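Given only the sequences and the hints, what does the whole structure look like? Please build it.
Taken in sequence, the protein lines are chains A and B. The opening position of the first sequence corresponds to residue 1 in this note's numbering, with each subsequent residue numbered one higher. The opening position of the second sequence corresponds to residue 1001 in this note's numbering, with each subsequent residue numbered one higher.
Treat the hints as calculated values from the structure; they're not laboratory data. Predicted, not measured: the structure shown is a model, and the values here were computed from it. The beta-carbon is built from N, C-alpha and C at its ideal position, and this holds for glycine as well. Some hints could be false.
What the hints assert, rightly or not - The following label-pair restraints were derived from C-beta to C-beta distances:
| # | chain 1 | residue 1 | chain 2 | residue 2 | range |
| --- | --- | --- | --- | --- | --- |
| 1 | A | Asp88 | B | Thr1026 | 44 to 54 Å |
| 2 | A | Glu36 | B | Gln1030 | 42 to 52 Å |
| 3 | A | Leu60 | B | Ile1006 | 22 to 32 Å |
| 4 | A | Lys153 | B | Arg1090 | 36 to 46 Å |
| 5 | B | Arg1138 | A | Pro61 | 15 to 25 Å |
| 6 | B | Asp1038 | A | Gly92 | 24 to 34 Å |
| 7 | B | Ser1110 | A | Met99 | 51 to 61 Å |
| 8 | B | Thr1026 | A | Lys53 | 15 to 25 Å |
| 9 | B | Ile1006 | A | Asp42 | 48 to 58 Å |
| 10 | B | Arg1009 | A | Asp52 | 47 to 57 Å |
| 11 | A | Ser4 | B | Lys1048 | 30 to 40 Å |
| 12 | B | Ser1110 | A | Lys53 | 28 to 38 Å |
To be verified - Derived list of chain A stretches under chain B, where covered just means 3 residues or more per stretch with a C-beta under 8 Å from a C-beta of chain B:
| # | region |
| --- | --- |
| 13 | 14 to 26 |
| 14 | 124 to 132 |
| 15 | 138 to 152 |
These are the residues of each chain, in order.
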Amino acid sequence: MARSRPEPIQVVKQRRDAGLKALVDGVPYIRFLGIEFERRGDELTALLNYDDKLIGNPFLPAIHGGVTAAFLETTMIISLSWAYLWPDIESGAFNPDNMTAEDLPRMPKTINFTVDYLRSGLPRDAYARAVVSRSGRRYASMRVEAWQDNRDKPFAQAAGHFLMPQRDTG
Amino acid sequence: MVDKAILARQFIEAIPHAKALGMRLTEIGQGNAKIEMDYDEKLIGDPKTGVVHGGAVSAMMDTCCGAAVMSHPSAPAGTATIDLRIDYMRAAMPGQKIRTSAICYHITRSVAFVRATATDDDEDRPVATASGSFTVERR
Chain A
1 MARSRPEPIQ VVKQRRDAGL KALVDGVPYI RFLGIEFERR GDELTALLNY
51 DDKLIGNPFL PAIHGGVTAA FLETTMIISL SWAYLWPDIE SGAFNPDNMT
101 AEDLPRMPKT INFTVDYLRS GLPRDAYARA VVSRSGRRYA SMRVEAWQDN
151 RDKPFAQAAG HFLMPQRDTG
Chain B
1001 MVDKAILARQ FIEAIPHAKA LGMRLTEIGQ GNAKIEMDYD EKLIGDPKTG
1051 VVHGGAVSAM MDTCCGAAVM SHPSAPAGTA TIDLRIDYMR AAMPGQKIRT
1101 SAICYHITRS VAFVRATATD DDEDRPVATA SGSFTVERR
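Shown next, in the form of structure tokens:
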């Protein structure tokens, strides 16, 4: 059987970028912290743009542990939502263009997470990538790592559990 | 003896992120601390419901636990979080203030053990609980 002709690259990219934008934009707290997401295919990297208001200890100075926790949690939630929505984005079933804020999908809810602080966060940009260890119908387990200058020297890692949004079963 | 209220205000003033979130240290004792934070639209995590993002609660928990360690009678010179676990019981009610209470229930020469609870106006039903360990910096 002949495979169907692949879609033009612009169409695919536009749809994926719009899907990601729909998840991230409009969350005031993500904007407040200055977190952005970069996409390569289905892989997301979170970027925490440095700002003086993120400092916890001004004498070192170091990024606030709460900021690190929030950055890791946000990275896990967006990455999990993204993985959950990916099939619908690819099929075109999820199309943010004809959606209002009300139609946007529900996010997974954090049940708990544990952060390990490995080094102090320096006053500069930070990056994070999350991995879905397991995602079932109701629960998901995730891991995440954040680094700054050197990918092999993470400054924090976390593991978390999430309650998945329930699909409408009609 | 230094007025604890002044000390408490200085503690928050010295932490840029605590100030940015509008945290207030309302109580500081002998290894325990209370912090409150007003509801603010910039802290919303779910625009549909207006519920505050869990990350803002985490930042509060971390600050409050650190304050509890610093206030311990053994007087550590400084502290840093080793690890912190947060459990979320329910969403905080939009529009309500969040209060966190932390206690440093054990401290050794190198490690302080802390737990904390966060609530909104309904103080009988916790929004989140946390437990963590912190470093103890010697003078």
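Hint by hint, here is what the structure shows:
no.	hint	in the structure
1	A:Asp88 with B:Thr1026: 44 to 54 Å	46 Å, holds
2	A:Glu36 with B:Gln1030: 42 to 52 Å	43 Å, holds
3	A:Leu60 with B:Ile1006: 22 to 32 Å	24 Å, holds
4	A:Lys153 with B:Arg1090: 36 to 46 Å	37 Å, holds
5	B:Arg1138 with A:Pro61: 15 to 25 Å	21 Å, holds
6	B:Asp1038 with A:Gly92: 24 to 34 Å	43 Å, violated
7	B:Ser1110 with A:Met99: 51 to 61 Å	53 Å, holds
8	B:Thr1026 with A:Lys53: 15 to 25 Å	22 Å, holds
9	B:Ile1006 with A:Asp42: 48 to 58 Å	53 Å, holds
10	B:Arg1009 with A:Asp52: 47 to 57 Å	20 Å, violated
11	A:Ser4 with B:Lys1048: 30 to 40 Å	36 Å, holds
12	B:Ser1110 with A:Lys53: 28 to 38 Å	31 Å, holds
13	14 to 26	violated (count 1)
14	124 to 132	violated (count 0)
15	138 to 152	violated (count 0)
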